[in-house]
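**Q** Chain by chain, the residues:
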Amino acid sequence: MTTPISTPQRPARPAGRDGFAQLLRAEWTKFRTVRGWVVGMIVAALVMVLVGLFAAGSSHIGCGRPGSPARSGRACLPHIPIGPGGEVVTDSFYFVHQPLAGHGSITVRVTALTGLYASGNSPVGQGPVGQGPLAGMKPGLQPWSKAGLIIKENTRQGSAYAAIMVTGGHGVRMQYDYTHDLAGRPGAVSAAAPRWLRLTRAGDTITGSESADGRRWTRLGTADLPGLSATVQAGLFTASPQHEVTSPFFGGSSSQGGASLATAAFDHVGTSGRWPRSGWTGAVIGGGISGSYPVRGGGYHQAGGRLVVTGSGDIAPVVVGPGAAFPTATIEEHLVGAFAGLIAVVVVATMFITAEYRRGLIRTTLAASPRRGRVLAAKALVIGPVAFVAGLAAAVVALLLGARLARNQGAYVLPVSWLTEVRVVAGTAALLAVAAVLALALGAVLRRSAAAVTVAIVTIVLPYILAVASVLPVGAADWLLRLTPAAAFAIQQSTPRYPQVTALYSPSGGYFPLAPWAGFAVLCGYAAVALGLAVYLLRRRDA
Amino acid sequence: MQATIEVTGLRKRFGPTLALDGMSFTVQPGQVTGFVGPNGAGKSTTMRVILGLDGADAGRALIGGRPYRSLRNPLSHVGSLLDAAALQPSRTARNHLLWLARSQGLGARRVDEVIGQAGLQKAARRKAGGYSLGMRQRLGIAAALLGDPPVLMLDEPFNGMDPEGIVWMRGFLRSLAGQGRAVLVSSHLMSELQDTADHLVVVGRGRAIADASMADLLAAASGDRVTLRTTAAPEATAVLARAGAAVTVGGPDALMVSGLAAERVVRLLGEHAVPFFEVSAHRATLEEAYLELTRDAVEFRAAEAPEAAR
Numbered sequence: 000m001t002t003p004i005s006t007p008q009r010p011a012r013p014a015g016r017d018g019f020a021q022l023l024r025a026e027w028t029k030f031r032t033v034r035g036w037v038v039g040m041i042v043a044a045l046v047m048v049l050v051g052l053f054a055a056g057s058s059h060i061g062c063g064r065p066g067s068p069a070r071s072g073r074a075c076l077p078h079i080p081i082g083p084g085g086e087v088v089t090d091s092f093y094f095v096h097q098p099l100a101g102h103g104s105i106t107v108r109v110t111a112l113t114g115l116y117a118s119g120n121s122p123v124g125q126g127p128v129g130q131g132p133l134a135g136m137k138p139g140l141q142p143w144s145k146a147g148l149i150i151k152e153n154t155r156q157g158s159a160y161a162a163i164m165v166t167g168g169h170g171v172r173m174q175y176d177y178t179h180d181l182a183g184r185p186g187a188v189s190a191a192a193p194r195w196l197r198l199t200r201a202g203d204t205i206t207g208s209e210s211a212d213g214r215r216w217t218r219l220g221t222a223d224l225p226g227l228s229a230t231v232q233a234g235l236f237t238a239s240p241q242h243e244v245t246s247p248f249f250g251g252s253s254s255q256g257g258a259s260l261a262t263a264a265f266d267h268v269g270t271s272g273r274w275p276r277s278g279w280t281g282a283v284i285g286g287g288i289s290g291s292y293p294v295r296g297g298g299y300h301q302a303g304g305r306l307v308v309t310g311s312g313d314i315a316p317v318v319v320g321p322g323a324a325f326p327t328a329t330i331e332e333h334l335v336g337a338f339a340g341l342i343a344v345v346v347v348a349t350m351f352i353t354a355e356y357r358r359g360l361i362r363t364t365l366a367a368s369p370r371r372g373r374v375l376a377a378k379a380l381v382i383g384p385v386a387f388v389a390g391l392a393a394a395v396v397a398l399l400l401g402a403r404l405a406r407n408q409g410a411y412v413l414p415v416s417w418l419t420e421v422r423v424v425a426g427t428a429a430l431l432a433v434a435a436v437l438a439l440a441l442g443a444v445l446r447r448s449a450a451a452v453t454v455a456i457v458t459i460v461l462p463y464i465l466a467v468a469s470v471l472p473v474g475a476a477d478w479l480l481r482l483t484p485a486a487a488f489a490i491q492q493s494t495p496r497y498p499q500v501t502a503l504y505s506p507s508g509g510y511f512p513l514a515p516w517a518g519f520a521v522l523c524g525y526a527a528v529a530l531g532l533a534v535y536l537l538r539r540r541d542a
Numbered sequence: 000m001q002a003t004i005e006v007t008g009l010r011k012r013f014g015p016t017l018a019l020d021g022m023s024f025t026v027q028p029g030q031v032t033g034f035v036g037p038n039g040a041g042k043s044t045t046m047r048v049i050l051g052l053d054g055a056d057a058g059r060a061l062i063g064g065r066p067y068r069s070l071r072n073p074l075s076h077v078g079s080l081l082d083a084a085a086l087q088p089s090r091t092a093r094n095h096l097l098w099l100a101r102s103q104g105l106g107a108r109r110v111d112e113v114i115g116q117a118g119l120q121k122a123a124r125r126k127a128g129g130y131s132l133g134m135r136q137r138l139g140i141a142a143a144l145l146g147d148p149p150v151l152m153l154d155e156p157f158n159g160m161d162p163e164g165i166v167w168m169r170g171f172l173r174s175l176a177g178q179g180r181a182v183l184v185s186s187h188l189m190s191e192l193q194d195t196a197d198h199l200v201v202v203g204r205g206r207a208i209a210d211a212s213m214a215d216l217l218a219a220a221s222g223d224r225v226t227l228r229t230t231a232a233p234e235a236t237a238v239l240a241r242a243g244a245a246v247t248v249g250g251p252d253a254l255m256v257s258g259l260a261a262e263r264v265v266r267l268l269g270e271h272a273v274p275f276f277e278v279s280a281h282r283a284t285l286e287e288a289y290l291e292l293t294r295d296a297v298e299f300r301a302a303e304a305p306e307a308a309r
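Chains as they are written, first to last, in numbering that gives the first Met the number 0: chain A, 0 to 542; chain B, 0 to 309.
Check before you lean on any hint, since a few could be wrong.
Stretches of chain A that chain B covers, calculated by requiring three or more beta carbons in the stretch to come under 8 Å of a beta carbon on chain B [stated by the list, open to error]:
(1) 28-40
(2) 351-364
(3) 367-381
In short, the hints are calculated from the structure, not lab data. A quick note: this is a predicted structure, and the numbers were derived from the prediction, not measured. Ideal Cβ placement from N, Cα and C applies to all residues, glycine included.
Please build the complete structure, drawing on both the sequences and the hints.
**A** Written as structure tokens, this is what we have:
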């Protein structure tokens, strides 16, 4: 039936490269030639920056003292200690210490740990000295009230240390350099159940051991403190962090708290190595006008072989939130506009395919490229990188402007490592990119703009808003941010949650239930499944 | 590459509707093949199946012996225009052609060439959303020509065209066929194809009911019919019926006679002295041939969807 023909009048044309590259070029041409889509992506970037700056610009910090002119901004910041790892730390406690030269060890028995705390709004413990710090305080320990042994580079805040301690609610712990925390024997300390603690220094290594009876010792852990001076300060300490009660309510949460004190009783103090004969010196670490030592109480009392040390404060990383000793900001606070930018990105990404269905253009596309899976792949590889570039530009600008704004207002932007900063910025851009791919896939599955945009926003943006706006209780918010694509916003969290610091670790405070990359992986999983379904349906359905 | 379209036994069902019911035909190179039938007869569905856009439940459609979906850079094998309105309104005509060219590894130069061929030079940089239907048809033709394909398949390309455009389109289709290409053009209006198509595939109720050259089709439809004008209809009817003709009333003073040639009618009437003032052999128009062929299909459609049988 068929007859071969020759068409000599048509010039021989080199066969076009039937590669994926030409398909990518076609989809890129499609994207850039619809002005609305290009404008939409630019709007996404602008909205992201503006919302971020608006959020940062809505707070202003001022401070003043009677008899001195009011100040604002950076002048309000106290001295901020930085730990060996570069993080901002709290380093205030009562220290009963002696210098220790070279190797040596110190052993002690703890027989009691008790506490007092101020609750409510009464300015207890911060009144004039004559009134006494303890007036009106209630008895009770904080979970992280701590007392024990510490070996510290020097008495300056933020210097390297290793400590072994009993705590109010977390048993025996070994902690070092602020962020490290090892768990030992659980349970509370009492005269009936005392705890023996020991710290041994050998070179840069400090070993912590514990015992119930002073005979059988268990090694709890070792701390490497590189570059530790030959002579360090070693001795006993007590600290007790801010008492905090958080009451969530619809649309937010309120946090009330006050200072606390802890008192520990030590005996059987034993040392080995080269210790001076001068005896113990007591000192408040982090006191003074600009210090962060919370109360005026603190001291020690020595009688016979017994030492009683009372102290307040904490030795721990600073955690953002109401309990922080000074106004803090995180780098990601300037990126809160990401959700707004995401809405625009989702709309454009969805339209990138649903517009073709609406006009019947999809048939032209699939007639030109019958391998349908590749069409979707090419679209994803265009819209994803476009969203990434828009998000990256917006994140960099928002971060630079936001950090400057925050500094001018007197908030201290918590420093993070450059790696974390790259992760937060590039992660925000990647979040937009993968969300765009997810929206595209939803568009291909649902084939209708309104339906696809709605589903994409309800699954990606809405859970995030519900969670961080404290509309939901923390538990429900956490589950939303584990199960929905909004989990990916965890990529923006720059400061880790520290189990050894009591704080309101809620989405509204910037803490996500999943680790950054785990949260991001949840979104990637959704995108992969949706894309797979979209490819399957695109292949199977009539165009 | 053989410039043919072969469709064999296509069947396709959309829910309760049998859209294609054993559709078979072949489109040969070097001629314009008209693809006609009432609305809903399965023309567009057949074209979508040929292009691999819709899957058939049974049967196959081959382009030059190969399924469309196996073609690499398919626009250089088949150029198609299914729906002239399938455009992103905010994209310019030139950019529409440009992305399509990119998908085939073609450059902007080829885009400008087909814009010239379709006569769209002046409007190419305007947004396609502002185009009239006639201009969209030209843009669709330009898109179909991008890959310089040996096979062209156009669905209702005359729709919305002004008379000047229709004349241009006819000449253009003829010249494409003259270059040795296989050109399949669908229409639901036979008159559009009368002076264009060399070959016709007439479809109804999902299958081809005629697949013949234009000349054969016209001859078959004309039959042996003679129009007789006379003032003595009863006598004429009696004389001719005795000679074996079937006679029907064709109007006042007019009879339609079939089964006898015109010369024989004249001689019989003369022999029996029946007066008449005109005897003319009937020449069927393509429209009549088409209506004749599709009567069943149309009646069937009319019963369930009156608007489909226009």
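**Q** Each hint needs a verdict: does it hold in this structure or not?
**A** Each hint tested on the structure:
no. : hint    : in the structure
1   : 28-40   : holds (count 6)
2   : 351-364 : holds (count 8)
3   : 367-381 : holds (count 4)
The structure shown violates none of the earlier numbered hints.
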